[in-house]
Structures are given as C-alpha cells and as structure tokens.
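S.K.: Line by line, the protein sequences are chains A and B.
Residue numbering for the first sequence follows our numbering, starting at 1 and increasing by one per position.
Residue numbering for the second sequence follows our numbering, starting at 1001 and increasing by one per position.
There's no promise every hint is true.
To be verified - In the DSSO-like style, the derived pairs of lysine-lysine whose C-alpha atoms are separated by at most 27 angstroms in a straight line are:
id, chain 1, residue 1, chain 2, residue 2
1, B, LYS1599, B, LYS1632
2, B, LYS1363, B, LYS1512
3, A, LYS63, B, LYS1512
4, B, LYS1537, B, LYS1334
5, B, LYS1513, A, LYS63
6, B, LYS1537, A, LYS139
7, A, LYS260, A, LYS83
8, B, LYS1453, A, LYS293
9, A, LYS206, B, LYS1537
10, B, LYS1381, A, LYS56
11, A, LYS3, B, LYS1381
12, B, LYS1599, B, LYS1548
13, B, LYS1014, A, LYS29
14, A, LYS293, A, LYS88
15, B, LYS1490, B, LYS1513
16, B, LYS1316, B, LYS1548
17, B, LYS1452, A, LYS293
18, B, LYS1381, A, LYS260
19, B, LYS1671, B, LYS1599
20, B, LYS1381, A, LYS63
21, B, LYS1513, A, LYS293
22, B, LYS1334, B, LYS1671
23, B, LYS1579, A, LYS293
24, A, LYS33, B, LYS1381
25, A, LYS293, B, LYS1450
26, B, LYS1381, A, LYS4
27, B, LYS1317, B, LYS1631
To be clear, the hints were calculated from the coordinates, so they are not data collected in a lab.
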Amino acid sequence: MGKKSYEKPTIIKIESSFSKAGIPTPKQKVRSKIAGVSVEELVERFGSPLFVFDEKDIRRRYKRAYEAFSSRYPNVQFGWSYKTNYLKAVCAVFHREGAIAEVVSEFEYEKARELGIEGRDIIYNGPYKPYDSLVRAAKEGAKIHIDTFDEINDLERVAGELGMQIPVAIRLNMDTGIYPQWSRFGFNIESGQAMDAVKRIEAGGKLRLVGLHAHIGTFMLDANAYKVETAKMVQLMNEIETSTRFSIEYIDVGGGFASKNHLRGIYQPPEVVVPSIDDYAEAITSALYENIKGNNYPKLYLETGRHLVDEAGYLVTSVVASKTLPDSRRSYIVDAGVNLLYTYFWYKFDIELARPIGGISEPAMINGPLCMNIDVIDESILLPRLKRGDKLIISPVGAYNVTQWMQFIRYRPRVLMVMEDGSVEIIREREELEDIERRERLPEKFR
Amino acid sequence: MSFSDAKSTAKRLKPYLSSVALSYAEILFVENRAVGILLLIVTFINPNVALGALLAILFTLLFAILIRVEPEYLENGFFIYNPLLVGMSIGFLFKLTLMSVFLIGVASVLTFLITVVLHTLLSVYLVPILSLPFAIVSSIVYLAALNYSNLFVESLYSHSFLLSSGLMLPVWMETFLKSLGTILFLPNIWVGALIFLLLAWHSRIMMLLAVGGFFFGSFLHAQLGGSFLHALQNPYAFNYILVAVALGSIFLVPGIRSYFIALLGVGISVLLVDATSIFWTLYKIPVFTLPFNLTVISFLFVLRLLRFREFAYVIKKSPENTLGYYLMNLFRFKSSEVGIFLPFSGRWHVYQAFDDVWTHRGKWRYAYDFVIQDDRGETFKNEGLELEDYYAYRKPVLSPVSGFVVEAMDSLPDNPIGEVDNLHNWGNYIILSSGGVYVEISHLAQYSLKVKKGDYIEAGQIVALCGNSGYSPQPHIHVQVQESPYLGSKTLPFNFVAYLGGSRIHFHDRPKKGESVASFSADKSLDTRLSFVLDQKCEFDLYEEGEKRGGMTITVGMDRFSGKFYFEDEGGSRLFFAKSYGVFYFYDFVGNDSSYLKKIFVAAPRIALIGNETVEWEDMLTPRILFGGMKKSVLMFLSSFWSRPFLYTGVWRKEGDTIRGEIAVGREKIKTSVTIDRIHGFGSIEVENLTIRRRR
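Extracted from the complex, chain B is given alone in its bound form:
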C-alpha cells in the first residue's frame, strides 16, 4: 500500500475513529475526543475490558457494513456507545478467548439491533435511550452465560489485582473513587481518581453532582439499610452518580430546580438498585446501569411531555455551556413563550392588555387591543361620530408572524360608532399558524382582506385593514396567540419580539395598558450592509491601548448540520449570528476564551437595524461570554444556583451607524463601541482599551 493510499484510508477512517473516541468520552457525558482517547488508554489497565470494548465496536461496524448502513449514519456514533459498554461488560466477566470473542460478536450485534429499535421508539417522544440497550443485552448475556459452563471454566478470572490500591484511604473516599471507576468497569481507585479529575477539569457542576449524588444515595441507603459501610460498598452505587449528573446537569439545565430533581432521582435509584439487585442477584446478574436508565428515562419522558422549561433542548459541550446558552435564550429571547411582531405600522396605543377589565378575561386573557391616539389623548378627530373620524380606521394590519393563513373572513359590516355586533363577537378575523401556535386578529374592516386561506405570508406583510366589525366599540386591532386554529380557543401568553416605546427598543417585552408603542422594520441599507455571505473574509487589525497587536481574519461559515451561520477566526473559534426582521444578533460562542470574536459578541450582542432615529436598548450577557478562564468557570458554577446576580445588563445606544454600549459589571462599566461600515460589515469594534479595526 502506497503512502497516498494509506493517507486516503486514514482520511476515510477518521470520522469513525473520532466517533469511537467520542463514544468513550460519552460514558462520562463529556464531549471531547481527547478525553475519549485518554479513557480508552486507561481501560488497558484491564486488557480484557479494553479489548472487549474494541472488539464490540469492530463487530458492530462490520455488521453495519454488512447490512449496508449509510456511512453518514455510522459517523454519528451514538450507536457505538452501547455495544462498547457491552464489550466492556463481557470483557469484565470473561478473559478473552475464542468463545468469549464469539460472545462479544453476537452480543454487540444484538445491542446494535436493540439500540436502533429503542432509539426509533423513544425518539418519537424526543427522549434519549441512554445505556438502556447495554443494560438489557448485558443482562441477557450474563443470564445466558450461566449455562455456558465451558466458558466459565476457561475464561472466568479474578479482579483482585485491580481492587487494591496499596493506599490507606478513608472508606468514604475509597468507595467513591471505586464507584467512579466502576462506570468504566474498572473498580480501581486510580481510575476513579483520574475520572474525578477529568470531571473537575471539564465541569465543576458535574463534579459537584457526582459527589453529591454518590453520598446522598449512600446516605439514604444507609438510613434504610442500617449500615453505612455496607451502603458505601454497594457495587452499584455508581448509578447514583450517573443519575445525579444526567438529571442535574446534562439533560436538564443546571439550576436549583434541576438539582432538586437530580436528588429525587438519586432517591428513586436507591430504591431501584435495591429492588433489582435482589431479583437480579437471584440469577447472578449484576444490576449494571438499569436503575440509572429507568430513573432518568422516566423523568425525561414526563418532563418532556410537560415542556419543562429547564429541559435542555440544546445540549452543549459542558453543563456550564448548556446553562449559559439557556440563560441567554431565556433572558435575551424569552425562549419560554411565543414572540410575535406588532400587527401594525407606526405608533399605536395599548387600549387593553393581558387580564384587562373589559373583554380580556378568562380563557381570552392573553390578548392586546391597539388604537391610535393623538396628543389630546383622543382616538378620533372632529366629533368622533363617524368611523372615518377614527385614526385607526382602515389603517393597514400587518402580519405579526411568518406563517400560513388558516382561517380568514371579511364579510361582516363595520359597525357605526355607538353600535356593537353581539352575535359575531370576533368580527372579521384572520388566523395564522406559526411554529405550532396560532395568531388571531379581530375586527378587520369589511372586504379588506389582502390574503386568503392557504397563503404563506412573511411577518410584516399587509393582511387587511383595521375596522370596526364584531364586538368593537371603536375601530381597533385585537391580537392574540391561541393554542388551536379555531375561533375563540384558549389564549396563550406571548410577547412582542421588538418594538419602540419612545426611543427605547424593547425586545421580547409586553407594553402596559396606556403605553404607546411603535413598530419598526429593518432599514434596507443597514440590512444589506450586515448581510454576510458564506466564505466571505474580513481582515482586521488589532490595537491595544492604541498599539498594534497583530491582526485577524474572520471567515463566514455555516454549520453543516444545523445550517446556522457563524464567524470563524484562524483559531477555529466560532461566533454564531443571526438576523431576523430588523435585528442582527449574536447568540452563541464556541471556542477559545482568548478569541477576539468573544469581544465582538460583548461589543454589540444585538443591533437594531433601525434607520435614522437615535435609539437605545438593553441586553444581557452571561459570565461565559463576558469573562474567560477561572473567573468564567466559577461564575457559571455559581449562576447555576442563582442566575440573576451573574447576568450583566448593558445599555446600547445607536446613533446613525455607531452603537455605543455600557455594561455594568459590579461597580465597573465596560464601555464598547461598534461602527457599521458604510459599504459592508463592521468598520471598527472597541471594547475597553481594545480596538479591532477593519483593514482596507
């Protein structure tokens, strides 16, 4: 085989190798290849376990090739994880002989099959399968192995060489470390210590949960069983660790509520460990991770159904990152509720808000009514006796969402002032569907619909004119978000994505009754200048205190799985951005703390693409974006308990093409400034004494 052949083979194999490494790391809920490789090497303390795992992976891959599974699917790697554990468990029980290798082969194929079956079933409910296939198949293998006396004679071996450390550690520490090691089928203090260090390095939150889970579970067990020593030495105590980490930090966003659920989960798993161990031991099968799987899957299943707010819909590389992303979404984008745009142009007045005195009550409490007022505080000119006197009458109603028209009608007459239509309360209306919810707008003018049922419309497009049909004492726009496409169905709370109250832009906020709000749409010039095309490169010079410190090149890229756009620097760090309906914003950063991209995030987390007026807005940053290194880690850890004090609010003010910000950090203020270039992109970015200037 020539060198180039070898090289191309290596290239073809690379994704597989990388997914194998990731699968190892995945056992500890860590997404890091280096960690995976380290763990792989560590398993060679017991070569049987190590080789058993590798063989299982090999057999699985070969089987996948046999049945022609798409290579892309193989690269994904989630299904390697379970066979890997099965291989380890067999290697843990039996020495590698021809027969045990055969057993591994058969078992790993079975694991693969069960993985696919369970995954397909559970993915309907968007719940992970964890190591359930492993728990099932390993039990089957151990159960079957009872009959294989031949195998026992030849392959059973003792692990005593692993169990002793030669150190005199306190029992609580020794048992904890061994438990950690057991996760890798290596009940060894040194392995446990290594895993502990890895967790501590990767995430303080996970480390804390591992410790808390283990001792809380053992404590409960001891209380019930009467013996602390016994409880600590329970070989299945590692389940408590897994449950605590999985519920407290991986699948739920770290936080007090999640920690509490994690402890509850640990309690439940104590019960499960004891119950299953009695039953399983009868047949000499170890409990494996069954308690962990049952506990976590049941919790996730229910929480997912409830749309639990702290459910980690986006799982990042570490719990700290998941938390950072979640907090960012919750506070910056109000991810917990629906956001729509104002359904009109210009400045209008809130006539009724949520839970209001007249009609916004009961199941229709989440609705807004808007009218136009003049500086006298009146909604009409002249005497207000004619419909035409009302400022709102026949003004355009613009779509508050992008979506399909599911219902619309405009045949009812506009009531003369002083009359209301009690028979058709909703008047002429339109119902739009968008992202699983429905938006209803009422009291449209007769024969004013500009769209029809089935049309797809963009937010901001004209749909009809404001009128006075239905139960409407004066021309106004009524808008609500509801749970079904039927007229009069239950309303849901919502916010307005962006609007102007005076010169302050509110993002994802709700104006109060009596306030006046104005809509804005993207200034096309700003919008064009902040449009970034794939593979576009921008070069910047860096200055600190006015002195040149080198340069950087930013490339526009797109994530091939999610289709999300980002800026990437030479170091491979990525700053994710998006632009929608008049707002340009950064929402995620992945990479190196020292990357200057992070500074760009800080300088202008969000830019309202509003043309000429001078406007200002508030935004929030998490410690993950604002700081680096140890400070970031500690603050993110603390914000998992109480996030508010660790969210930093800043005010940004846009005058023309310049956006100046001030972020309050304790008593200090971080000053930032961003200039949008007259032709394209960013002209300069300043954060404190750092200046990033576009190279021409």
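So that you can see chain A by itself, here it is in the shape it has in the complex:
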C-alpha cells in the first residue's frame, strides 16, 4: 500500500438544531436513490405511494446469512418464511437463491405450490393445519411440523388413509432464558411433554419422526438464547436417538433474528443492540458442535424472515398537505398511512427526504391519510419545512407490511422491485375498485 497523499481538509458548517437535552441532532437524512434509481423518477413513473424492494440487496443479505452459517456448519438450509413477505417476486428471489418455503397455513402452502415449489421443499408449520391440507402435504412429501397431540391423531388418520408412513417433525418450546417464553406452540421440553409426544408417535407406528423444530420468539436481541435453544434441541435429539428407533435428520431452529430496525421503547440505536448474523450463527453452530456426538450432523434449517428482507423494502410517500398544530408543531399529511405499515406498532422508522431541503429543521409530526386519530407515522421528528409533493422514504418496511397491510379506506399501492440490472418491475399492481368488490354480493332487493 502506497502512502496516501495529503489532502487539504474542507470545513463544512454543521446544519443542526438542538434537542431538548442540548445535543446536536444529526443532519438531514437524505435518500435520493433506492437501489440506484432516483426516487423522484420512480414517483414520476409509477405514482405515489410506492413500496420498493431492492432485489440486489435481498440477494446480498441472503448470501451473507447463508455464508455465515454454511461456513460454520456443513449442512445448512434456509426456508423462506412466507408470512414475512409472500409477494411472488420476493419469494422467487429467495427460491432462486436456494431457500425452500416455510409456510404456516394452507393458504401459504398453496401459494408456494403455485410458485412451483415441490412438496418436499415446503416446511409446513402452524398451530392449525386443516385436515385436507394435511392429506395434501403428506401426499406431496412436505415437511410437516406437528404442533399438538390432536395433530398427531389427525396425521395418523391421514397415514392410514394414504396407506403410507409419514415422516414428521415436532415443534418444541422451552425455556431459553428470555421473556416472554413462547410456550403456546409445540411440546414443552422441560416438562417431559416433548418426549411424551415422541413416544406417542413411536407407539402409533404410523409416523416416523425425522425432525425437531422450535421457534423461540421474534426480534430476538439476545443471540445467546439461540445457543440455549440449539443445545436443548440437540440434547433432545441425542435422547431420542438412544431411546427410540428414530433417527433425527434435521433440526429447525426457526427464525426471529432481528433486523436493523429501531424498536419502540429501546433507547440505543439498532446498530448497537441488534446482533450481527455472525453472532447468531456462532451461537447456533457452536451449540451444535458442543452437543452433537461424532460427526452425526443433522441438517440445520433456518426460517429467518425479517432479517433477510426488512431492510430491503422501502415505502415512498408524498406530502399532500401540511398545517401547524396548536402546539406549534408542523403536521404533514402524507399519502401512505398505518394501514400499510403494520410494523409501525413496534418500530420507529427511519424517515428520509428524497432531496436535501434548505432551512432549519423544526419539530414535526407525520400523519397518514386515514381519518383516524391513530394514523401517526412519526409523532416527533425534526424536518425542514416541506412543501406539497415532497417525498419521504420510510424504511425498513420489507417485512410483514405487505402481508399484514389493510386496504381499509384506500387502495393498496403499487409494489415495485428494482432488479439486479437496475430495471424496475411492478411486482404488484395498485388495487382497483373491482379487486375489492369482486367478492361482494349485493342481494337482489338492493339493486
């Protein structure tokens, strides 16, 4: 490396106001481009509001996560958590990268099949799996994860009906030292319920236990909880393999890895509190190595959703009106509301301007277009004076919003994907009246 040549420093005036505590707030946050495409141009071409996904970024995140695990453990498989974001294009990107599908309902199961995913590449989770869907999943060789004793009964009936032995996994819950403990799903390890379920399955003789599954929570900020989880699962696997004739082929540690989103009620920024994917990988794989006997490595499944997609999704919205509130705050009304931002209830989003705007920043509030008091996207933010038509970019919004959004009183907007080559594709059209009324029936006498 050559010596760096001397560069004359430039002095720039820090544009800042002061917060109540007298600490300078950061300068204006500007995002003029998403995945290299100008925000202004996107709005011009496709209207406002817009959800925008960045294909390159999704792939990069997936590769990074896969590498973090596969470089530590030789047998890793990611399952794309459909409920996090089941837009076809988004799922397709993950499937192209090598992820299988993780679904939690017959609806998601059908979506995965519709996308061309074979039964054997679908993990079927969830506390309620309708009987017919179990029959289909068993026939198609899906990985069925049993949640309750009732489901064992159902599946044995299916096995009898189909005249085949069905490979299954059971979902587990356990104390991993975190609160709240998700104990309503699956069978508890500490109470012995899990082992009872295994023995019940063995006694039935119609199902073959091949996997163990757990999902300890969501937005987990403690990587160590996964270490405890994995260790307990492997120990149970060892117990099962010595005391029954089952051989455990895979361990599914679920998902719940946090994204770099700012949780409400947590003071530090996500960069400080959110563990890296390497931290999660280290916790899980070291627990595997410490507890597995010899090189009897089961396949490790991961159902990471949020971590892979949240930061690759943006919502572009435009100011449609503004006013001064009685407490002298500015209120900006924008064209996207909390009906589109389900995760608003947990997160304080990053809100950026599409271009730098002059003038001092002042306290402001961002309101959505719903005529409801709760439609507040940000209660207190410092913004320069915005005009009608100015754009705001809200992020990260890639996870859960486009699955849990509500149509309510407005049409849901277009969803775009900026492709790897920089081109832009519409991956979901803006809704129209017909979409919403198609399912309605007006009784004859009202016509």
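Take the given structure of chain A and dock chain B to it, following the hints.
M.R.: Then chain B, alone, in the frame of chain A:
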C-alpha cells in the same frame, strides 16, 4: 453308514474337495473349480502323474490333521498346490509302487513344511511363494533318488506313449503345445491344445501372453544358442509361458508397462533356464519351475517395495477382471494417491495450490491454502485492518480424515494484520494420522483446539478454529499431506475426495488456484434411505419397452472374508456397494453378464447424498460393467494396451431424489435414471428401455 451320515460327511468334505479342484486350476492361474476338475481328469492320461498328485494331497491333509492344523486353514488350499505339483513330478519319474508312494508321502510332508516356512517369511513382504517349495522339494527328491537304485530298477518308466501325437504339426506349434502340457507334467500335444483352449476361453490376455512368452523366449534362446529347433525343443521352455502370464497379467495389472516387464522377465528366465539346466543336469535333475519362481518372485519383491502402481493388489478371477477393477479404482477413486476431505464447511477460495508462488515450494509443494472471499473478491469486510474483519477468522476447521490426533498445539497468538511470526512458521497446528499418511493443518486460532493428542476423530468433526498464527499474512487454513508425523516433513500429493465447484461435484480432484470450492456432508435423510441392512430383501418388477418381463429379488449380503457389502440376485451375481461420507457408490460386480444388477451399476455408479441442491457429476465405466459377452471380452483385451478410449464417461445429474445419467458410448448416449424411494432404498431404475421398478 446311513444316507444322512454320508450327506453330512460330504458336506464336511466339500470345502476340501473344492480347494483341491481350485489348486489344480491354480496351476494355470485360473480360479475356477470346473477347470480344476477338468485338469484333474486330464492328468489321468498318465495315471502315475494323476495318482501321484492325489496321493500327495492326501498325505498333506493327513499330516495337517496329525499336527492339528485348524480346519479353516486347510480349506484355504494355497498349501495343497505345492505338494500337488511334487506328487505329479514324482509320478512323472516313477511308476506307482510301494516305494514311490512312500517317497511321495515323505516329499509332500516336506513340501508342506517348506511351504509354511517360505510363506511366513515372504508374506512379510507381501510377495507370493508361487511354486518355489515345489521346485526345491522336487529337486531334493530327484537328487536323492540318484542313490535309490532299487527304485530306479522297479519304477522308472518311459513316456514315449505320451510324446507322439500321430499328427504332423509344424514344429513351432507342436513344441508350443507340448510346452503347455509340460506345465501339468503331460508333454502331450492334445493336453497342450486343451490347456490352450482353456486359456483362450478364460482370458485372451493370458492366451496372448502364453504365446508371446513362449516364442519370445525361444527366439532369444535361438539367437544366443544358434539353433531354432533346439530352442523350441527345450523341455524347460514352459517357464517362459509361466513368467509371461504371471508378470504380464496375474500379479501385475495387464497393460503395456506390465507386458514389457513380462518380456523382460522372459528374457531373464532364458538366462536362468540355461544356467540352472547346466548345473542341474550335472546331477540329472530337471529344472522344473525354478527359473519361473526366481524371476517372478524377484520382480514382485522389488515392485512391491516400490509400491509399483500396476501391482495387482486385488487379484480377480481373470486378468480382464483385475484390469477392470484396477482401471475403475484408478480413474474413479484415484487409488494412486491419498484422498482427503475439505477441512472446512461452506464455500472457500483456493489462495495457494500445489507448487505455488509463495510458500508451497520444494518439499512443501503439495499443500493448499484456503480463504473466504465475498463477491467483491475481498477476504474481509470493512477495511480489513482487524482480524475480526476477515471472513475466515475463527471459522470451524473440520477434520479432513478419520484418524488419530498425533500432535496438536494452540498456544501461539493470532498475529495482528500486517505482522507475521517468522519464528514459528507453522503457527498453531494439528497433525492427524490416517492410513499410513499424516495430515497437517496450520495457522489455527489461539486456544481453539477442540480435540487433544490421542483422540480418535471422524472426518468432518470440528478440530479447531481458523486463525492467523505463524507465518500467515491473513487468516487462512493451510492443509497438507505428509509422509511422517513430524512438523515440516516432506509433503505428498493428494486429492480431495469430494467437493462442489459451482453445481458440479468433483470426485478425487484438485481445485486450481483462484477457484472456489464448497464442502458438503451427507444429507441424513438420503443417508438413512440408502442404508442397507444385512439380509434385507427388495423385490423388483422388470419391464422392457413398458412390457413386464418378470421380476427379481435382491438380497443384501456381506462377504465373510472381507466384510464388504453387496446386493445379490437369485442367480448369485453380486454387486458390491459402499457408502462413505456423503457418497454412495458401486465399485465391483461379480457374476453373470445377464444379471440385472449390472444395469443398476450402470444406472448410478455413484450417488452424492447431497440434500436439496441440483448437482451433477462425472463418472467412468469400464467395458466390463457396460457390456457383456464377446464385446466385453474384446474391449477389455484392447483396453489392456490403451485404456483411455475404452473408458466411458457419463454425466449424472441429481435433482431431489432423482438421478439422471447420460453415458457417452461412441456417438450413442445411454440414458439412465434412478429414483430414491421416499422411505427406503431405490424406487425405480431405468437404463435405456429397461425399467426395474420396486414392487410394493
């Protein structure tokens, strides 16, 4: 004696009888009972020779029982072979009288003793004793017999009745056939012709070597001696045949190099025949097989020491089979060098390969360095100024072999980026022993060892974490195979047993510098489904062009000597399979050409037990597996001269549970398909228009 008694006696005797038959066949290096029995019958042309041999066997067995030799050892039969020859040689010289029978008794016991002594001595060097005991004892008997004038008077007889055939054959043919017959102490044209036909039927390679050996030896002899006729009529010319066959096709794998050695051997035996005959004739002893034994044993002794690549470590029923097995091992499993597994998980990048520019030079030229790269081509994130920025840093190092930890240390610190430790080049290291070689891994992270000296570990188990100790500019894994357990000893070439480069699986290959490779381990589901338990039976239906053609039952069996597993069909044909560390493969077939097991071999010679990804791989088949009948024989014969054109490469592609293959045979392509059943074993197997489907 009741019938059942007789039956049980017959059952007890069966192994002995079978080993006697095999010993006869063994004289011609043929492993076939029927051939042995045929030869036994043929010897009755001269009843003295025949009975002499049988008596020798009987005496040997009785002696073995007298000294309480384990019956299992007796069944083995290798020690019957020499007394058998001694019995023949005595019967050849003397008529059977009380005295000659006594002589046979004494001589066969002596042969047995010498056989055991020589075998014990030579087996240390893994070299066969051939008929050396016979050559020694027969010489002793003939030498001693000079004093037994009584015996001579009563028992010496003429063989003239055997020598004439009544046919007017050209001299070269007559002498050749007689020479062949002499191997059985029957210098008769008809016997020679029979032996020739047997060889031709059994192995074209042996036949060719027999002819080539005889005439090449006689030619040399004629050049040296001046008379062709004399050379051809040399009674010991059969030694040339034996040397040529033994070196060219039995103990060495048939091939150009082996053929050349065989000719050299014949040349040497010409010398030995002449030298010994002068000396031996002085005392009226025939030369017997001494030149053959001296030549072949000396060659094998040296070649074995050199670990000669074409040494036939596995001798099959015929040279063609030995060759097929050898080629299969050489090209499919790179049997000529050590194979290890990748020492890590996931996708890594070759930073230095063999004979590389920086440190892989001189006696440490056979080594690999691996790092992890991102899609920018960098091995680090951020600025790369901290160890933690490097992707490889503190990633698990997995054992590349199954074996014992012979040395390990992890007390050296990980150098900060920009510094290297010149004092301890190797850094923290571990040395593992496996199958006679040693595997060394360097630059481990400080205090990261997960195993200790003396531990036995399986390939794929975690041993430590990747670090930056020793002479290491950035965190990486260095791996080498070396000849001794000491740090810094001379390295040996090796390959990686299986790895993924992109979606192509490479077996026993070496990635080039700059390539990225990924390890894989067996998918437990596939592994369980392709686990076969002894005595397990699977039934299949056979279809040709969609029409049902019957069925077959396959039983899983284990060879009681080698412990190797095989599938056996109703016809007794066997298809040998193995499964190790993520790969299921077939490696040998013994039996009938028409067996459908052969088709199973062709359909999927090797299956990577890799889970979900779509992968493909190359494999090779020999004519022995791909064809049957005459075509197989001719092609195997030709491939002994040059194997490459007769190895058929195919590409197999695995998608989920289905493996589809395409084997290029000339311009044609053989299409195959195998489905692994969702519960266990194979669901269906297709080769061209044949379908073998599991019966439910």
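S.K.: Each hint: holds or not?
M.R.: Hints versus structure:
no.	hint	result
1	LYS1599/B x LYS1632/B	14 angstroms, holds
2	LYS1363/B x LYS1512/B	20 angstroms, holds
3	LYS63/A x LYS1512/B	24 angstroms, holds
4	LYS1537/B x LYS1334/B	33 angstroms, violated
5	LYS1513/B x LYS63/A	23 angstroms, holds
6	LYS1537/B x LYS139/A	26 angstroms, holds
7	LYS260/A x LYS83/A	19 angstroms, holds
8	LYS1453/B x LYS293/A	19 angstroms, holds
9	LYS206/A x LYS1537/B	22 angstroms, holds
10	LYS1381/B x LYS56/A	18 angstroms, holds
11	LYS3/A x LYS1381/B	22 angstroms, holds
12	LYS1599/B x LYS1548/B	17 angstroms, holds
13	LYS1014/B x LYS29/A	94 angstroms, violated
14	LYS293/A x LYS88/A	41 angstroms, violated
15	LYS1490/B x LYS1513/B	21 angstroms, holds
16	LYS1316/B x LYS1548/B	35 angstroms, violated
17	LYS1452/B x LYS293/A	16 angstroms, holds
18	LYS1381/B x LYS260/A	18 angstroms, holds
19	LYS1671/B x LYS1599/B	11 angstroms, holds
20	LYS1381/B x LYS63/A	14 angstroms, holds
21	LYS1513/B x LYS293/A	35 angstroms, violated
22	LYS1334/B x LYS1671/B	26 angstroms, holds
23	LYS1579/B x LYS293/A	20 angstroms, holds
24	LYS33/A x LYS1381/B	24 angstroms, holds
25	LYS293/A x LYS1450/B	13 angstroms, holds
26	LYS1381/B x LYS4/A	21 angstroms, holds
27	LYS1317/B x LYS1631/B	18 angstroms, holds
Figure legend: structure checked against the earlier numbered hints; hints not met, in rising order: 4, 13, 14, 16 and 21.
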